[in-house]
Amino acid sequence: MSGAGNTFRAPAMSNPVISIENLSKRYTIGHQRANGDGMRHAIEGAMRTPLAWFRSSRQKKLRQVDFWALKDVSLQIKRGEVVGIVGRNGAGKSTLLKILSRITVPTEGRIRIDGRIASLLEVGTGFHQELTGRENIFLNGAILGMTRAEIIRKFDEIVEFSGIEEFLDTPVKRYSSGMYVRLAFAVAAHLEPEILIVDEVLAVGDAAFQKKCLGKMSSFAQSGRTVLFVSHNMEAVRTLCQRGVWLKDGRLHKDGKADEIVEDYFNSTANEISFSCANPDYGLIIQKVVLKNDRGEESSQFRPGEDLIVEISYDAHKCIEKPVVALGVLGINGSCFTSNMLLDGHRPDFLEGPGRITCTFKSIPLLPQSYTVKMIIRAANVKDLIVNYQEVAGFSVVGDLAEYGYKGEFLTFARHSTPVVVPYEWRLPDGTIAAVTLNRSTADFEDRISSEVGNH
Amino acid sequence: MTQLVIEAGGTEREYWRDLWRYRELFYFLAWRDLLVRYKQTFVGVTWSLIRPLLTMIVLTVVFGKLGKMPSGGMPYPLLVFCGMLPWQFFSTAMAESGNSLVANSNLISKVYFPRLVITVSSVMTSFVDFLISALFLVVLMIWYRYAPPASLLFLPFFVLLVFGVTLGVGLWIAALMVEYRDFRFIVPFMVQFGLYISPVGFQSSVVPERFRLLYALNPMVGVIDGFRWCLLGTQNSPYWPGFAVAVIEVIVLVASGIWYFRKTEQTFADVI
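As they're listed, the protein sequences go chains A and B.
Residue numbering for the first sequence follows my numbering, beginning at 1 and increasing consecutively.
Residue numbering for the second sequence follows my numbering, beginning at 1001 and increasing consecutively.
Hints in this document: simulated from the structure, not taken from any laboratory.
Please note that a few of the clues may not be correct.
[What the hints assert, rightly or not] Each computed EDC-like pair below joins lysine to aspartate or glutamate, with the alpha-carbon atoms no more than 20 Å apart:
id : chain 1 : residue 1 : chain 2 : residue 2
1  : A       : Lys212    : A       : Glu192
2  : A       : Lys288    : A       : Glu391
3  : A       : Lys362    : A       : Glu298
4  : A       : Lys71     : B       : Glu1007
5  : A       : Lys374    : A       : Glu298
6  : A       : Lys288    : A       : Glu200
7  : A       : Lys362    : A       : Asp315
8  : A       : Lys322    : A       : Glu297
9  : B       : Lys1039   : A       : Glu391
10 : A       : Lys322    : A       : Glu311
11 : A       : Lys322    : A       : Glu298
12 : A       : Lys362    : A       : Asp349
13 : A       : Lys374    : A       : Asp430
14 : A       : Lys154    : B       : Glu1024
15 : A       : Lys71     : B       : Asp1270
16 : A       : Lys254    : A       : Asp430
17 : B       : Lys1263   : A       : Glu297
18 : B       : Lys1039   : A       : Asp169
19 : A       : Lys254    : A       : Glu235
20 : A       : Lys71     : A       : Glu21
21 : A       : Lys173    : B       : Asp1033
Remember, predicted model here, so these are calculated numbers, not experimental data.
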């Protein structure tokens, strides 16, 4: 464990503010849903003869599956630490936050928390569509635990932070999703806890707004308060947090400096994502998202300059008209490039039944690092998200840069460099022209030219 | 420095302190429900008058005119309205509070506060309707030139009683509904049958004497009798054993309701 970077803070910090001991949470899956008709079974069980009741309760046990969302997690967090929690979907991150926020209770274990705690598992919890912005500020504030007097005192500040003064008396159902999120975050940002727990709130809103949120969170952290932060945004975790905690299958997998944890985590996940999801509201199932190379083979390793084909297999049980599909390739520092129907306008007329959408990224100009693919599918009205996932696929780019004409002494630095390399060309004082590209076929060609030019 | 301990099983003392800390949320949630209820309606709050008014007319015609039930010398509409005042409160508040946790499931799965706030505040919302109806009763009494008797002083006690019945039943149903959505179908039945087995459209004195105690097992019998006694001073002396039964039932209902609610509360977020 390394929290040692914080010793310069207050003397009281040697005791942890959050101390988690052997925390476990068990969910029993399938008992009430599998039975279908809720109460009948409960009553039946009691009414039947003891033997039958015994039999039915034994059958019931067979149907139940225990699932440990968290198992034996122990963690000490010191005052002023900003801790990023990473892990795949289902690794137990949300469960941990839910227990810390007292939304659900642990099955085993104990947590001690010193100080006023506030958690933000969602932006705009309790916002009511029919109410105005002003009314929602009060409602949301109260739900998050502010007193009326506190809200009145901070009201102007909240409004200013949100930047929606002119729509204060408009029902929030008429807000754009951006305005909605800004207002909601503004309320939450004015809570004044000593410990803040944040779950993935940064996944919403536009880039400028996300920046504002991050800024608010880092100023919060700099004032010596403790932050626990869950995110799939690796860049945010790295820049915001000093310490990283990696949960895997409900257990604490690794704990250490944020940089190192994030890098380890990112590299490992990039190669082992298998994704599927369903949105029952739209009747859309994404069966899988696979990556293929230009020979049509499924792969998770690509060479610089190779084609990257993202193939989405779906099954639409309802007809979805004019969806907007957007894909993004992300490196550890954030987005590299995207394909977005919102911009290019090549939207399919409809999705119905099983089908496929593929997108080929031509000769990917990426350095050997790890990458993930994110996917967003919007409904015809653009505003409603049908699918929104940060990690639907992952891959790594491998290859010897020397083969691409790279001859620097610090090639290992390529692992930490900005990953996208568009073809470029140096013109040196002595007239030497050196072209660099990650597209190998042309690289060979350019190499030859430049060496010819150099020989002149 | 506030210290918080989270353990398997939870902590009781913390809970009641939190309930106090979140006391303003009772008001905010009730305020929200009131604000939202009549948004985008044409006649707005008038709805909370139209409903009891129409029901009063129907019950007066059915029981008073067609059924020729005894009115004890009082205007039948007045008799009916005094029964309907607590009944309407009970039936709407029970339905709303019963549904309150499920309706607020987004809050339950995303933010912590004592869940009792949700259910209690939904009872409070219906209480506002109750007050509006009560104002209408005042108008009705002036219209019939009917001065309330001295027993009016006991009205607050019966208001408390009906609040207790409603809260007790509401807590049970709300907590049960989280796991068993069957109650979504049971509640309308309870409301429908309850109207006939409670003395809303008639006086409980029409029930034969030997069945009175049995009849009083329905706590709303004691409540409605009490309202009539306070507001109209029903000629017959009130049926005291009935009141006693109602009071005991209310205490049991509220205590057991809170107990069951607290027992299941910790798993609300997992089950809902």
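Status of each hint after checking the structure:
Distance restraint check for Lys212 of chain A and Glu192 of chain A: the Cα-Cα separation of roughly 17 Å lies within the 20 Å cut-off, and the hinted pair is therefore satisfied. Of the pairs offered as hints, the one joining Lys288 of chain A and Glu391 of chain A holds, with about 12 Å between alpha carbons and a cut-off of 20 Å not exceeded. Simply put, Lys362 of chain A and Glu298 of chain A have alpha-carbon atoms about 16 Å apart, close enough for the 20 Å limit, and the pair holds. Restraint check: the Cα-Cα separation between Lys71 of chain A and Glu1007 of chain B comes to about 15 Å, which is no more than 20 Å; the hinted pair holds.
For the hint pairing Lys374 of chain A with Glu298 of chain A, the CA-to-CA distance comes to about 18 Å; that is within 20 Å, so the pair holds. Using a Cα cut-off of 20 Å, the hinted pair Lys288 of chain A and Glu200 of chain A is violated, with the two alpha carbons roughly 24 Å apart. For the proposed pair Lys362 of chain A and Asp315 of chain A, the alpha carbon gap of about 27 Å is over 20 Å, so the pair is violated. For the suggested pair Lys322 of chain A and Glu297 of chain A, the alpha carbons sit about 30 Å apart, so the restraint of at most 20 Å is broken.
About 41 Å separates the Cα atoms of Lys1039 of chain B and Glu391 of chain A, which puts this hinted pair outside 20 Å; it is violated. The suggested pairing of Lys322 of chain A with Glu311 of chain A holds, with an alpha-carbon distance near 19 Å, which does not exceed 20 Å. The suggested pairing of Lys322 of chain A with Glu298 of chain A is violated, with an alpha-carbon distance near 28 Å, which exceeds 20 Å. Between the alpha carbons of Lys362 of chain A and Asp349 of chain A the distance comes to roughly 25 Å, so the proposed pair goes past 20 Å and is violated.
Restraint check for Lys374 of chain A and Asp430 of chain A: not satisfied, since their Cα atoms lie roughly 45 Å apart, outside the 20 Å limit. Of the supplied pair hints, the one linking Lys154 of chain A and Glu1024 of chain B holds, its CA atoms being roughly 17 Å apart against a limit of 20 Å. Using a Cα cut-off of 20 Å, the hinted pair Lys71 of chain A and Asp1270 of chain B holds, with the two alpha carbons roughly 17 Å apart. With a CA separation close to 51 Å, the supplied pair Lys254 of chain A and Asp430 of chain A exceeds the 20 Å bound.
Distance restraint check for Lys1263 of chain B and Glu297 of chain A: the Cα-Cα separation of roughly 55 Å exceeds the 20 Å cut-off, and the hinted pair is therefore not satisfied. With a CA separation close to 14 Å, the supplied pair Lys1039 of chain B and Asp169 of chain A stays within the 20 Å bound. Only pairs whose Cα atoms come within 20 Å are accepted, and Lys254 of chain A paired with Glu235 of chain A is accepted, the gap being roughly 18 Å. For the proposed pair Lys71 of chain A and Glu21 of chain A, the alpha carbon gap of about 11 Å is at most 20 Å, so the pair holds.
About 16 Å separates the Cα atoms of Lys173 of chain A and Asp1033 of chain B, which keeps this hinted pair within 20 Å; it holds.
Hint compliance for this structure: hints 6, 7, 8, 9, 11, 12, 13, 16, 17 are broken, all remaining hints hold.
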